[in-house]
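Undergrad: Following the working numbering, the numbering of the sequence shown begins with 1149 at its first residue and continues without gaps.
Worth flagging that the hints you see were computed from the coordinates, not collected in a lab. There could be a bad hint or two in this list.
Cβ pair distances, simulated, as ranges [what the hints assert, rightly or not]: (1) 1413 - 1276: 27 to 35 Å; (2) 1255 - 1208: 26 to 34 Å; (3) 1409 - 1317: 41 to 49 Å; (4) 1317 - 1432: 19 to 27 Å; (5) 1305 - 1432: 18 to 26 Å; (6) 1210 - 1309: 19 to 27 Å; (7) 1270 - 1159: 23 to 31 Å; (8) 1301 - 1428: 23 to 31 Å; (9) 1159 - 1238: 16 to 24 Å; (10) 1238 - 1152: 23 to 31 Å; (11) 1227 - 1308: 16 to 24 Å; (12) 1301 - 1367: 27 to 35 Å.
Every residue gets a Cβ at the ideal spot worked out from N, C-alpha and C, and that includes glycine.
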Amino acid sequence: MPSMSLFLSQLFNGLATGLLLALISTGLTIIYGTLGVVNFAHGALFVVGSYAGFTAYTMTGSFLAAIAAGAAMALFVGLVIERGIMRMYYQRPAEDQILVTFGIGIILVEVVRSIYGGVSLSVPTPEWGQGIAQIGSLIYPLYRLQALFIAAGTLAVLYFVLYRTSLGLIVRAGIEDAQMVNVLGINVKRTFLLVFGIGAMAAGYAGVIDSPIVTLSPDMGHRILVDSFVVVVIGGVGSFPGAIIGGIIAGEILSLTSIFNPAYSHVMLFVVMALVLIFRPQGLMGQEGRE
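With the hints as constraints, model all of the structure from the sequences given.
TA: Next up, the structure:
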C-alpha cells in the first residue's frame, strides 16, 4: 500500500493535471458547443503555444513573456484557421469537419517539427517557481503548486467572462440556439471568430503553463487531444462546469492509478468514460438531448 505522503502528493498532482486538462477542454467544449465543430487541431494548438512559449522564454528569460507569447501565437493561428478555412465548413457534415481539422493539426505539428526538430526539449522552471513547498508533512514541488493556482485562477476568469459579461451571454446563447442568436441581429460570424480564438488561446496558454512540468515534443498534442475529448465526454458537451469537473476527475484517475500501475492509468480513464456514456450519455453536467 502507498504511504500517506505519496497518496497526498499524487492527489495534488491529479488536481494540478486535472485543472490544466479542464483549461484545455474548456476551449474545446466552447468551440464544439457554440460552433458544432469537432476541433481535432486543438492538440496541435497546445503544441504551438508550448513551443512559442519556449522560444520567448529562451530569448527573454521571462516566463511571463513566454505565457503571453504562447497564448498570442495560439490565438493568432486559431483566428487564421477560422477565417481561412473553418468558416467554409460550418454547414458541412461532421466528417468533413473532422477531416479538415485533423489535417490542419498534422500540418501544424509538422511545421513545428521542421522548425525545432524532433528532439525533445525542456523548459526550465522559472526562478519564482523553483524550490519546494511544505504543506503540513507533505513536501511538494513549488511550481506544480503554482501551476495549480494559475490554472484555477484562469478558469475563474473564463467563468466570469462566460457568465458575467454580454459576450459570455452571447456565447452561451449560441451554444443553446445559434439560429435564434442570428435572428436577434447579433453578428454570429464575428462571434464565431472570437469563440474559436478564445478556444485556441486557452490551449496555447495551457501549453506554456504545462511546459516546465513535461518534456516538449511535436507529438505531445495527440495525448492531450485524446484526454481533452475524454474530459468533455465525462463533463458534458458545451458545459463549462462540466469541463472543470471532468478535468479534475480525469486528472485524479490518471494520477492515483499510476501509484499502483502507471500502464493502466489511461485504461481506467476510458473505463470511467465508458461508464458515464452508459449511465449518463449526456455527461455529468451536460443537458439531455444536446447533439
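Undergrad: Work down the list of hints and note, for each, if the structure agrees.
TA: Quick rundown of the hints versus the structure:
| no. | hint | in the structure |
| --- | --- | --- |
| 1 | 1413 - 1276: 27 to 35 Å | 30 Å, holds |
| 2 | 1255 - 1208: 26 to 34 Å | 28 Å, holds |
| 3 | 1409 - 1317: 41 to 49 Å | 46 Å, holds |
| 4 | 1317 - 1432: 19 to 27 Å | 24 Å, holds |
| 5 | 1305 - 1432: 18 to 26 Å | 23 Å, holds |
| 6 | 1210 - 1309: 19 to 27 Å | 26 Å, holds |
| 7 | 1270 - 1159: 23 to 31 Å | 26 Å, holds |
| 8 | 1301 - 1428: 23 to 31 Å | 30 Å, holds |
| 9 | 1159 - 1238: 16 to 24 Å | 42 Å, violated |
| 10 | 1238 - 1152: 23 to 31 Å | 52 Å, violated |
| 11 | 1227 - 1308: 16 to 24 Å | 22 Å, holds |
| 12 | 1301 - 1367: 27 to 35 Å | 29 Å, holds |
Violated hints for the displayed structure, listed by number in ascending order: 9, 10.
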